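2 protein chains.
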Amino acid sequence: MDIKTNQGNSEVEVICIGTELLLGNILNSNARWLAEELAALGLPHFRQLVIGDNPIRLKDALLESAKRARFLITTGGLGPTPDDLTKESIAEAFNSPLEEREEILKDIQNKLKISSKISSSNTKQALFPPGAEIIPNRTGTAPGMIWSPNPEFTILTFPGVPSELKDMWRQTGAPWLRNNSEKTQIFISRVMHFAGIPESTLAESIEDLLDSNNPTIAPYAGLGQVKLRLTAKGESLDKANALLKPLEKKLCDRMGLKFFGLDNDSLASVVLDLLRKRGEKLVVAESCTAGGVGAALAAIPGASDVFIGGIIAYSNETKQKMLEVPLACLEEHGAVSDDVVQKMALGAQEKLGADWAIAISGVAGPSGGTISKPVGLVHIAVAGPQGCKAVSENFGSHRERIEIQQLSVVRSLDRLRLDLLERS
Amino acid sequence: MDIKTNQGNSEVEVICIGTELLLGNILNSNARWLAEELAALGLPHFRQLVIGDNPIRLKDALLESAKRARFLITTGGLGPTPDDLTKESIAEAFNSPLEEREEILKDIQNKLKISSKISSSNTKQALFPPGAEIIPNRTGTAPGMIWSPNPEFTILTFPGVPSELKDMWRQTGAPWLRNNSEKTQIFISRVMHFAGIPESTLAESIEDLLDSNNPTIAPYAGLGQVKLRLTAKGESLDKANALLKPLEKKLCDRMGLKFFGLDNDSLASVVLDLLRKRGEKLVVAESCTAGGVGAALAAIPGASDVFIGGIIAYSNETKQKMLEVPLACLEEHGAVSDDVVQKMALGAQEKLGADWAIAISGVAGPSGGTISKPVGLVHIAVAGPQGCKAVSENFGSHRERIEIQQLSVVRSLDRLRLDLLERS
Chain X
423 MDIKTNQGNS EVEVICIGTE LLLGNILNSN ARWLAEELAA LGLPHFRQLV IGDNPIRLKD
483 ALLESAKRAR FLITTGGLGP TPDDLTKESI AEAFNSPLEE REEILKDIQN KLKISSKISS
543 SNTKQALFPP GAEIIPNRTG TAPGMIWSPN PEFTILTFPG VPSELKDMWR QTGAPWLRNN
603 SEKTQIFISR VMHFAGIPES TLAESIEDLL DSNNPTIAPY AGLGQVKLRL TAKGESLDKA
663 NALLKPLEKK LCDRMGLKFF GLDNDSLASV VLDLLRKRGE KLVVAESCTA GGVGAALAAI
723 PGASDVFIGG IIAYSNETKQ KMLEVPLACL EEHGAVSDDV VQKMALGAQE KLGADWAIAI
783 SGVAGPSGGT ISKPVGLVHI AVAGPQGCKA VSENFGSHRE RIEIQQLSVV RSLDRLRLDL
843 LERS
Chain V
423 MDIKTNQGNS EVEVICIGTE LLLGNILNSN ARWLAEELAA LGLPHFRQLV IGDNPIRLKD
483 ALLESAKRAR FLITTGGLGP TPDDLTKESI AEAFNSPLEE REEILKDIQN KLKISSKISS
543 SNTKQALFPP GAEIIPNRTG TAPGMIWSPN PEFTILTFPG VPSELKDMWR QTGAPWLRNN
603 SEKTQIFISR VMHFAGIPES TLAESIEDLL DSNNPTIAPY AGLGQVKLRL TAKGESLDKA
663 NALLKPLEKK LCDRMGLKFF GLDNDSLASV VLDLLRKRGE KLVVAESCTA GGVGAALAAI
723 PGASDVFIGG IIAYSNETKQ KMLEVPLACL EEHGAVSDDV VQKMALGAQE KLGADWAIAI
783 SGVAGPSGGT ISKPVGLVHI AVAGPQGCKA VSENFGSHRE RIEIQQLSVV RSLDRLRLDL
843 LERS
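In the order they appear, the protein sequences are chains X and V. Using my numbering, the letters of the first sequence map in sequence onto residues 423 to 846. Using my numbering, the letters of the second sequence map in sequence onto residues 423 to 846.
In short, the hints are calculated from the structure, not lab data. All of these numbers come straight from a predicted model, not from anything done at the bench. There's no promise every hint is true.
Copies of the same chain are indistinguishable here, so a pair counts whether it falls within one copy or spans any two.
Taking lysine to any residue pairs in the SDA-like style, the calculated list, with each CA pair at most 20 Å apart, reads [as the list claims (entries may be wrong)]: (1) K773 <-> E825; (2) K533 <-> R490; (3) K703 <-> G724; (4) K671 <-> L632; (5) K743 <-> G446; (6) K661 <-> T441.
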């Protein structure tokens with residue numbers, strides 16, 4: 423069997439390093455994230471390997487990859503502990519020494535707030551092969567590197583911590599790949615976000631468009647949301663854009679209100695923007711999500727000019743005490759009912775003095791379900807200047823507690839979005 | 423570089439097949455699930471590969487794997503469409519024909535409820551190498567197989583649909599591996615969780631133990647938390663346990679209160695358990711985390727017998743209105759101060775009628791920082807039956823908003839845990 427060697431190509435491979443991945447301790451979300459990023463850059467990516475913290479196996483894998491690929495991206499194994507061996511293995515595989523970089527050492531010292539001597543375990547994070555370009559790590563102590571052991575093979579190393587990987591990729595990795603891959607065409611890519619529609623239904627209603635070759639459309643299913651990544655290639659930015667724009671418009675027209683945002687938009691950011699334009703304030707009253715909607719809103723920078731707070735009413739007593747939900751209403755309808763969520767929303771709206779309120783109450787499980795109110799049943803109310811509406815959703819009792827909570831957050835923000843659009 | 427060949431070993435490799443995985447369209451949850459299952463079987467598993475629906479690359483990967491491993495598990499590529507090529511590639515790689523199995527054809531016919539002729543695309547699902555053992559698929563039309571192209575290498579194929587894979591694994595795959603792997607040893611594994619200590623400091627204080635070969639210790643860094651996985655092997659469960667227990671005790675003694683839980687414990691579950699034992703109730707008052715602590719608590723099943731609710735006080739007005747924080751206090755000290763978080767905690771404790779309260783106020787950024795109160799500064803108060811204490815933490819202005827919020831959640835739960843342990 424002949425393995426294809428690199429012939430001026432731009433083939434990329436990914437190696438995720440960490441015994442914890444092979445033991446199943448953690449989900450390899452980095453691999454998916456990188457896959458999507460590489461697709462957006464228009465870089466062909468044919469293999470992803472997961473390997474443990476074992477220097478011999480890692481060296482084997484590095485040498486195999488060097489035979490096939492133009493670029494290799496590694497994640498993990500850059501930490502200070504003895505089982506972090508990515509750089510050491512790379513250096514050994516390609517017979518290179520490792521040299522201490524003084525400026526990196528100083529930076530690590532600053533980050534660890536150590537005035538005098540740094541421990542030997544952190545010192546090793548400042549070691550790099552001569553000639554390696556540093557990928558700065560703004561948050562952690564593990565910088566990455568871009569290093570070419572030979573002119574036809576370049577390795578880019580990143581830490582396994584997702585937030586560090588993502589920041590370093592965006593700041594340094596992706597721009598570098600964009601400039602250094604031998605592409606004759608420009609790739610542009612746009613993400614369109616949809617809510618309130620299952621992936622299969624969305625896929626069916628755009629079936630005629632899915633086979634398109636340029637631009638391509640790739641669907642990605644999320645919890646309660648779907649996104650489509652549109653990627654167009656052309657000789658220039660203008661030509662690629664001229665292909666992308668009509669498709670974007672077609673999808674936008676066809677999907678109507680199911681379409682809620684582009685690229686980095688989220689339901690929370692869209693809702694905050696709509697309210698900001700109206701100069702209105704939002705509060706929440708959360709039972710089964712217990713702060714999940716609030717946290718989703720506060721995750722968006724600048725949320726505080728719209729979102730002012732809320733009540734987490736996890737017990738019935740708190741619903742009465744803080745939201746003025748009448749005991750009779752709780753007894754008659756139960757905490758998971760249209761009546762109670764409406765009272766919760768109106769209570770929060772009035773008590774905190776806001777224009778809009780979201781209220782949620784549901785059975786997140788795994789226990790507590792009944793025949794009439796099964797696990798997965800969630801009631802959502804949205805109160806606004808023109809009144810209050812409630813809906814119920816059954817997310818299904820097969821779902822995990824945390825999924826039901828997250829779906830409730832997504833669905834409640836989408837209800838508010840639809841209400842705001844209806845009334846604008 | 424010499425690749426180790428199989429010498430009567432039980433090494434396992436996994437290949438996940440599907441272009442959708444390489445495009446990042448879906449998360450490879452099968453890989454994690456199989457990894458955990460293999461760890462539970464005590465089967466050493468050193469490589470996971472993801473590869474697209476490309477027969478040439480797949481054949482390369484199969485032949486490479488045959489050189490190294492005793493068992494290969496594949497997922498995906500068993501469907502009826504032309505890009506499902508797993509069995510075809512396996513047969514070609516090992517020079518075997520494929521033969522139609524009549525009983526499988528009939529079963530597919532039954533499942534598709536077709537009385538007469540089956541389409542050619544489904545016919546190919548009934549093709550297998552001579553001598554292959556079938557892994558029945560009770561729900562779908564894609565059976566798997568257990569096939570040994572040579573006496574020292576066995577391939578087990580499964581579909582990519584997670585529910586089908588899991589059922590087939592449990593019914594046929596796992597029992598077969600248990601009976602056919604040449605294991606002389608049992609593996610057991612335990613996770614220990616730590617908080618309030620950086621990974622590098624933890625690693626240094628157990629440096630003398632990290633080189634241990636049996637049991638092994640592997641550290642995993644999380645946001646504000648570190649975990650250690652201890653894995654011991656022995657001829658029997660008792661012997662493996664006899665190795666694991668003393669190490670667990672040693673780590674526990676050495677790390678003191680930094681150690682907070684085992685296996686599936688989280689800070690939230692530990693805090694809830696401590697309070698449950700005392701028969702006490704907990705509330706939260708959250709500014710910059712805006713519900714993050716509440717959501718973390720509510721993620722734990724059964725939280726409601728301890729956690730009763732809280733106030734999200736995202737604006738100063740809400741802090742006054744709902745938590746009785748005096749305007750003078752806000753004006754004098756600022757919202758991010760020991761004084762204000764103490765007032766918030768005491769306000770929540772009293773208003774909601776709880777024994778304990780956590781309060782958080784901080785500068786999550788990216789804007790809003792000043793010289794005296796930079797981005798990353800967070801004040802945390804814990805109020806209990808014996809009084810209220812506040813601390814400040816500076817997580818660093820280089821961190822992302824969401825990280826500062828998550829670190830605040832972790833740190834506040836840990837403060838409460840330490841307070842509870844001090845007073846018990």
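(request) Since the copies are identical, ignore which copy is meant and state whether K533 and R490 lie within 20 Å (CA to CA) inside a copy, between copies, both or neither. (result) For K533 and R490, the Cα distance exceeds 20 Å both inside one copy (38 Å) and across copies (42 Å).
(message) Checking an output row: K671 and L632, CA cutoff 20 Å. Within, between, both or neither?
(response) Close inside one copy (15 Å), not across copies (58 Å); limit 20 Å.
(message) Reference check for the pair K773 and E825, CA-CA at most 20 Å: within, between, both, or neither?
(response) Neither: 30 Å inside a chain and 31 Å across chains, both beyond 20 Å.
(message) Regarding K703 and G724, is the shortest C-alpha distance of 20 Å or less found within a copy, between copies, in both, or in neither?
(response) within (13 Å within a copy, 33 Å between copies)
(request) Pop the pair K661 and T441 into one bin, within, between, both or neither, using alpha-carbon distances up to 20 Å. (result) So K661 and T441 fail the 20 Å test inside a copy (44 Å) and across (24 Å) alike.
(request) Could you figure out if K743 and G446 sit no more than 20 Å apart (CA to CA) within one copy, between two copies, both or neither? (result) Neither: 45 Å inside a copy, 47 Å across copies.
Hint compliance for this structure: hints 1, 2, 5, 6 are not met, and every other hint is.
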